[in-house]
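Asker: Chain residues, written in single-letter form:
Protein chains: 2
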Amino acid sequence: MKALFSRMINLGFHKMHRSLLIILGCILLGNLMAQDHLELKWSVEYRADGDPDKPRLAEASVPGAVQLDIAKAEGYAPYYFGENWRDYLWMEDQEFVYVTNFHKPDMKPGERLVFRSLGIDYEFEIILNGRKLLYQEGMFTPVRLDLTDLLNVNNELRIRIFPIPKKHPEPVDRSQASASVKPAVSYGWDWHPRLVPSGIWDDTWLEILPGSYLNEVSVQYTLSEELDKAFIMVEAMGKGLTACSMAWNLADSSGNKVDMGYLKSYMDRGVLYTEIANPELWWPHDHGEPYLYSYTLKLTDQSGKLLQTYSGHMGFRRVKLVMNEGAWSEPEGFPKSRSVAPIQLEINGQKIFCKGSNWVNPEIFPGIITVKRYEELLDRAVEANFNMLRIWGGGIVNKESFYEFCDQKGIMVWQEFPLACNNYEGTPEYLEVLKQESESIIRRIRKHPSLAMWSGGNELFNSWSGMTDQALAIRLLNSQCLELDPYTPFISTSPLMGMGHGHYVFRDQETGEEVYSTMLRAHNTAYTEFGMPGPSPVEILETIIPDSELWPPLPGTSWESHHAYNAWVGDTWLMMDMIEGYFGRAAKLDELVEMGQLLQSEGYKAIYEEARRQKPYCSMALNWCYNEPWPTAANNSIINWPNLPKPAFYAVRDACRPVLVSARNYKLTWMRGEEFSCQLWILNDQYRTLDPGMVKATLMAGKKVLELDSWVFGNVESNSNLEGPVLKVELPHWQSDGFTLHLEVLGHPEYTSEYTFLLSD
Amino acid sequence: MKALFSRMINLGFHKMHRSLLIILGCILLGNLMAQDHLELKWSVEYRADGDPDKPRLAEASVPGAVQLDIAKAEGYAPYYFGENWRDYLWMEDQEFVYVTNFHKPDMKPGERLVFRSLGIDYEFEIILNGRKLLYQEGMFTPVRLDLTDLLNVNNELRIRIFPIPKKHPEPVDRSQASASVKPAVSYGWDWHPRLVPSGIWDDTWLEILPGSYLNEVSVQYTLSEELDKAFIMVEAMGKGLTACSMAWNLADSSGNKVDMGYLKSYMDRGVLYTEIANPELWWPHDHGEPYLYSYTLKLTDQSGKLLQTYSGHMGFRRVKLVMNEGAWSEPEGFPKSRSVAPIQLEINGQKIFCKGSNWVNPEIFPGIITVKRYEELLDRAVEANFNMLRIWGGGIVNKESFYEFCDQKGIMVWQEFPLACNNYEGTPEYLEVLKQESESIIRRIRKHPSLAMWSGGNELFNSWSGMTDQALAIRLLNSQCLELDPYTPFISTSPLMGMGHGHYVFRDQETGEEVYSTMLRAHNTAYTEFGMPGPSPVEILETIIPDSELWPPLPGTSWESHHAYNAWVGDTWLMMDMIEGYFGRAAKLDELVEMGQLLQSEGYKAIYEEARRQKPYCSMALNWCYNEPWPTAANNSIINWPNLPKPAFYAVRDACRPVLVSARNYKLTWMRGEEFSCQLWILNDQYRTLDPGMVKATLMAGKKVLELDSWVFGNVESNSNLEGPVLKVELPHWQSDGFTLHLEVLGHPEYTSEYTFLLSD
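In order, the protein sequence lines correspond to chains X and S.
All the letters of the first sequence, read from the start, carry residue numbers 1 to 761 under the numbering used here.
All the letters of the second sequence, read from the start, carry residue numbers 1 to 761 under the numbering used here.
Okay, chain X solo, but in the shape it has when bound (with noise of 0.2 Å):
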């Protein structure tokens, strides 16, 4: 939501983020296009590494970061190539200024100039004209500074950005981002190098104001019990509103009026409570439509002058998070503990399964994500038949046209606050910011129906963090939700009791357990993070690993930097070993990529739909991870940087489907002569009943072809799975290396489901 009608002059030119800018105020900011205030540019200041006393200045995009302005003045290499990484941590302890000049634009007697900034990463203070203005630390909390009375007919705004935070010296790893609110993957993750982004982010820009004007809008709203009634709450927050009008207007997603309404002005504050009947409610994209709403408030002064126009889309929805079916009975017997945590999400009182992935920061630079990187990720998560992705406390809080996206394309967010495997420990200053960027956040996302559960971060009550419920931060957290969006989930950490993470891998190296077993023993309420390693394509990996080191893949090589070897434990996350145990000894890359990426994919869809065989007792299937922040050389994502799915991909999606059918499988390596077997499901998440059918299910191996038992199965009833029979057939002596169950309902091609095994002697 952003001011409109309102004239915006942008600092720094960057065509993807004016689209951001939804201006629909086109004629005005044509003019203002056209005025001086665009030719204005940003520089950086800095004190490049072997010469630390002569300042240079480095052409600055904004957004962005100062490490790529630097880079780039400086001539590095790609960072994502081999090493050229490590160039960049000599930046990490020095400050850096951003500069721009400006003239005093023409401004009618009255209005106002306002320097506002969405994100500036991550301590930093702002000066103009010499005079320090603001000194702040959180890069997730909005500048917004009226210059007007200061204005020189030349100035000098300056952004001082502090060196990068740092809790201690020593380890250099992420627990250096414990005493702050900066995300704290890029302090070196095991899919993650050590390269830690400063600047300015977000969208940042100068706009003259009326004199009476708005400054935030905010929509709220319950539903009654029977979601046919929706009470809305409009707060204007500005300057100057009590002499003017502010007119509200609701329009469906046809463009037809519904309600509108006169917010009542007390001070700098309006509101207006209004209610409409029988809203058209707002759906996850696999249960029903993402219905939004538009609205638009108009501020008019005393003479009926149009000052103003926000305007924003609006969803309804209602999300519980409700108890898991079954979990209540447990746990039995004498002495009794506490029940598990709630993890059922629950939307417009319809049980969900929710399906989907977690969802890292797509560029190691955030400032440098684009619209249309958003908008390509999302679209792909919906053709994987996502509905829900995970936002890991790891990273970054992402920016507003990443919500829009997942609004207009059905896809529930599960947001963390940004604190991830550290133990925050709760000093004053520390919680001090974190309440203010809590609510920076808080403020900005809870208008977004697709916003399904806040959590306080990622594996924080866990060993690795050491946090625990009596966690200041973790308490604060969820004060602040229950204060300002108490009606959306809050859930402390993941995981809860009752959820799991992992396993990370194919087959665990120490017991041999294969990942059909552990899901088999498995008995949790959700999979909210499952990692599958795989290895990238080599066209990645060719644009990444020096040709000398591509050949065998070695440690202490950019195979590691890359996190193939050594990224967390054993010889992750390449797994050469395992790859090469299944099968044998790979005589180039490419044959070594496939077999990785066969078990990522078979290793993946095992996971999924063992999960969803578990429903109604398990609500939720999330892997580690969906995308991933620069070019890796072996990962658990399933799509690569930027934007390229993986074989495993194309798995999932299949595995994700509303209704398949499934087999439950037991192992990958059979022998010839063995008696194969496997159990026949279909899986349905939709809410409607499938007739009954006929399953054919039949071996392959090249032309070779066996086939098994037919399955003939009743209805299957409404978001409910059908557990089918356990086919047996001995296995012929094939030989073939390998072979697959391909399964077939006939009469619906779309849900066949096929799966590979390996064949041995």
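Watch out, some of these pointers could steer you wrong.
[Stated by the list, open to error] Within a straight-line C-alpha distance of at most 27 Å, the following computed DSS-like cross-link-like pairs (lysine-lysine) qualify:
| hint | chain 1 | residue 1 | chain 2 | residue 2 |
| --- | --- | --- | --- | --- |
| 1 | S | Lys-336 | X | Lys-351 |
| 2 | X | Lys-54 | X | Lys-72 |
| 3 | X | Lys-447 | S | Lys-435 |
| 4 | X | Lys-336 | S | Lys-320 |
| 5 | X | Lys-166 | X | Lys-54 |
| 6 | X | Lys-409 | X | Lys-351 |
| 7 | X | Lys-336 | S | Lys-667 |
| 8 | S | Lys-320 | X | Lys-435 |
| 9 | X | Lys-166 | X | Lys-72 |
| 10 | X | Lys-409 | X | Lys-320 |
| 11 | S | Lys-336 | X | Lys-667 |
| 12 | X | Lys-336 | S | Lys-336 |
| 13 | S | Lys-229 | X | Lys-167 |
| 14 | S | Lys-435 | X | Lys-320 |
| 15 | S | Lys-166 | S | Lys-72 |
| 16 | S | Lys-132 | S | Lys-104 |
| 17 | X | Lys-435 | S | Lys-435 |
| 18 | S | Lys-447 | X | Lys-435 |
| 19 | S | Lys-704 | S | Lys-728 |
| 20 | S | Lys-351 | S | Lys-409 |
Because the hints were derived from the structure by calculation, they are not lab data.
Assemble chain S onto chain X, guided by the hints.
Answerer: Structure of chain S alone, referenced to chain X:
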């Protein structure tokens, strides 16, 4: 903490509560007591059950309960005898009005007459001379009304008490309390009859105040990491403070001045920040001295005249809930859930094994709980070697003197909010009252060093309650505690994951499992409720059960009304079948009682000692329950109403000694000739190392004695248990029905333990 040197007029004559008003201004009080106003008395207006049209008037005891006043006026027999409690049921849906008349007292110019009540139960209005001054829902929020400008010469003050809150007319049970902050217990529990109190339940008086006066004084502090500095904030609220001087004085326990200073006043608030070095720390009695400082705050006017003195005590302690030892390494394997919640209490950096009990209302009518009762029961808790009491959420939050005694006696308090075993649903109306009541509770109790933790309430996250972490009521309480008392731990409810509630029987009648083996397989971080029923002594039974019903005990008689039958499940709490299953048919009542009490004693001993053996993973053992609100026929309590210890009390006392020799036993009944076995332990909760020694173990049956092997043990480390050998011996063919195991540490008769077993063929 009370206003002193302000004149008080106590309304209603209630000797024991007068002592609560820690009045230092004795001369003034003496003067006041001579005044006419003291002659004022309360009456209560009611409409009798059979005579609804004609209001009647009963003399009222304040504090007290309207039910008791009416019972007295109507000549009811004691409510604890037989079925007499049923006589009170008609009062539930009635209104009552307290009435008092008083003359306007002589007051100097500028003085104010203020009505104060510390608690009125539950929904009420206050009317002075026909004018409504206050409507309030909630018994824990004190009332303070300045009557000065509304006074006539003759005044009538009326307090209208609404019918008790009921969410619904049916079912008639505790769920009726689920929309209010009325303690649920009186709606009926397995050890509490349906008998719901109403009325003025805490001290209530008129007070003449000077023109400038203090309303509330709050002293809060934090301690430095090293505990060598206390940073103190003294805050006073009142009227006309700007024109006054406020002098603060802190003295140690010998009365020596430790600190002093003057509050700075702004508007009606005064603040002083100060600090002291090397404060003496408050400790639970078994780990040090419960050291208390005392302070005064003197309000003087510009001429130096003393207007008011507030005084109170304070203790310095740091309290934390930290992870139980070993709990971070759970759960193992993938998929991995969160680690359990911490329940290891740490006082001043020292981990403390908490031994204690669950405290319930010591009277059905909280208005008649006396200071003396609190003191006696808390002296007994110290005698029992208890260092913690859990103030169970089904009952009231206690009166001030309770917490003052706990401060003095060094008993840690786990304080629950008044929510228990219901689904408190979170309507805006309920949440508003809960917010008000919780704020009052926290502001009152946070000052006590004995306060060790807050809890949202009892068993809320179990199936029979149906609340979850998503409940707005729990989130609100967490938020309130965070805001008002951030450094005292808060847990959402009990049990949390990892903690255990139950079992409540010596032998599970369904599975046949005895308490010994239940505890051996239990793996809990804390045992925060475990019961063991025992019949009451004959002298109590004779006062509650008509002679004709006394023998044999039968369901459907007063035995049942007093919880011997159908109280919970099976034939709880008498469990005659089980008792007679072990001991054979009892010939008369005292035999039955003796048998049942033996099981209770041995059962409790087994649990406390096994919980202690599970230290340090286990950190707490609190039995269900300590006391009882009326005389029961059978109950899990170890003290009969009003203050009569059962044999189990002494068994528990011994099991909770800081040091003892203990046997891990495996069953109650052994066969002649069978191999008896038990394992020896030394349990040490003291922070000192015990010297090496020798344990002598003997089996005894009457005069027959069988020596077992001795155990020569080495040092017993500080705050650690020492695991000894398993002793085995073939049982002789003694003719007795039972035998005892006697353990003695040579030279330490205070460590001696004894266990009773049955012997059969």
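Asker: Hint by hint, which ones does the structure fall short of?
Answerer: Those not satisfied: there are none.
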